[in-house]
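Q: Line by line, the protein sequences give chains A and B. Those letters in the first sequence? Residues 111 to 432, by my numbering. Those letters in the second sequence? Residues 111 to 432, by my numbering.
It is worth saying that the hints were derived from the structure and are not from the lab. Keep in mind that the hints are not guaranteed to be accurate.
Because identical chains cannot be distinguished in the list, a pair is counted as satisfied if it fits within a single copy or across any two copies.
To be verified - No more than 27 Å apart at the CA atoms, straight line, and that leaves these computed lysine-lysine pairs for DSSO-like:
{"#": "1", "residue 1": "K179", "residue 2": "K189"}
{"#": "2", "residue 1": "K348", "residue 2": "K429"}
{"#": "3", "residue 1": "K179", "residue 2": "K277"}
{"#": "4", "residue 1": "K277", "residue 2": "K429"}
Each chain is listed here by its residues.
2 protein chains.
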Amino acid sequence: MSTDDTTETNAEASTSNCGGATAANTETESACGASSDSSSASGSTCGASSNDENEVGARADDFETDPGKLVTVGLGPGKPEGMTARAKAALADAEHIVGYRTYVDLLPDEITDDAEDIYSTPMCGEVSRTEEAIDRTLAGNDVAIIGSGDPNVYALSGLALEILESKGGSADAVEFEVVPGVPAAQSCGARLGAPLVNDTVSVSLSDHLTPMAEIESRLHAVAAEGFTIAIYNPWSRKRRENFRTCCDILLEHRAPDTPVGIVHGASREDEATMITDLETLPELGEDEIIDMTTTIIVGNEDTYVFEDRMVTPRGYETKYDY
Amino acid sequence: MSTDDTTETNAEASTSNCGGATAANTETESACGASSDSSSASGSTCGASSNDENEVGARADDFETDPGKLVTVGLGPGKPEGMTARAKAALADAEHIVGYRTYVDLLPDEITDDAEDIYSTPMCGEVSRTEEAIDRTLAGNDVAIIGSGDPNVYALSGLALEILESKGGSADAVEFEVVPGVPAAQSCGARLGAPLVNDTVSVSLSDHLTPMAEIESRLHAVAAEGFTIAIYNPWSRKRRENFRTCCDILLEHRAPDTPVGIVHGASREDEATMITDLETLPELGEDEIIDMTTTIIVGNEDTYVFEDRMVTPRGYETKYDY
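Chain A extracted, bound-state conformation (with noise of 0.2 Å):
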């Protein structure tokens, strides 16, 4: 498997999903090959930014229209049937929606049939999707950006409103809204059973936006306490050692036979699920199982393994016979 091939589990790990195979994540907007497919015969009224490189800089003011609305949709886990129905309401609502490619392809084609306009870039250019979006709404139509997983958990709610307000913008005035979706530690976290079921920890392993050195802290930290945690873009093909150093980390504070479950490509057609240990899981790194659509579910030291599925107990067989 191809480390281009990346992003769709980790939806939300958009940047980092971004530039997978490119450690640097360097992003270049004319290397995006953005598209903005309008599939209204009357075409769509788009932003100031639109396919115009020289106008991202636009703020609020220059705008002559009432700004449209703006929502941050998540999808879930990745196929049709994971989606809330709100989520499919905000989507029908919306006239423009902006995405990465693999997340529109996702869409059913009775909401991508009825939108004025999809805008749809590949794997980059995140800021600059982003700010399209926020024009798109600040010249007065009603927009959705999408992601699979939750518009939250690493993903771009919290860019859009610091691109808005960057412009001069105003949340209450686009009516900013976020419609949350399953994110991917608890659709991976079904995959495997019950892994997550008491306090819960999610730590992404891309050190493009965060220090390593936290990273590791932050590891350490958990590691040493009782809770679960939900790994995020644990691996890609220029940042190998981030994989590496976090194994290490977690074999410092766990036992070897500590469960582990891994979940690569949810909702895509090479999906797999792997029940392993932590005293295995460094060796997977150079596996195929292992990539940025990959999400890695460690437990705690109560987890245990009953028919290949993961079982956090909650702590009931302490207080109750059963």
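With chain A held as given, fit chain B onto it using these hints.
A: Frame of chain A, contents of chain B only:
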């Protein structure tokens, strides 16, 4: 607001919700007032333990039929629009639906009308209720255990597998499946803007099944790192001290002006949202906005407030101009 009136937002936290007003959370099965409402004229084939406390200890071998299918289904934030299409389909397929009464009441009529039987209990008895669900499955019925949020997050998927195992049942034979839902952290995070964009931890303050010393240790560990923190089950009348201790620990590690978001009763009629800061949080412990239906989200050192919305930057601003 009475603390007897608990349990919607943190549906996942069914334990502590269950005994929100009684710190000891003693489970009196006979007081549960479980009801089994057959909605089909032909009645239903219930499990061995149905309404018969003497048979609660039934084992898989005691049932002569092939077992049915067992799914745990997350309803998401509460209203039907927050359910995924997959959750709705799983409930439509189930012959028996088992859950806490408040969640059963959230189901759309078309689902409850179609079910052969609904087994619901009021605020107690998640162990006996789950055992009832297992027995019904072993007796040959297709059963769905419901809860709000995600069925893994402080919920009953783990307990279901534990009880199934203790009865000598097989997860493969019952085709055990978890249908994920949007957890309270994400549905409440969405209401607050974009607070949970980066590495995040969820911690429950209920010490019913986890010793308070462990909870304190976990809080110290994560508060000293850059995690945003989702606090489940923050307060009940009988364990006010846990909330105060939590505030003290957070203030030991984080600045008094750290933004804090509070969501009470998400998707309920009495839903309320507040954005405040860490310094103010302790005095809100006795306020109506904080009870067992509340989720509290604590920002990290980068979190800020923009037009009544919490924003946790992911770090793009360190690499990109916008």
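Q: If a hint holds in the structure, say so; if it does not, say that too.
A: Evaluation of the provided hints:
1. K179 to K189: Both: 26 Å inside a copy, 23 Å across copies.
2. K348 to K429: For K348 and K429, only the inter-copy Cα distance (19 Å) is at most 27 Å; the intra-copy one is 48 Å.
3. K179 to K277: For K179 and K277, only the intra-copy Cα distance (16 Å) is at most 27 Å; the inter-copy one is 53 Å.
4. K277 to K429: between (56 Å within a copy, 17 Å between copies)
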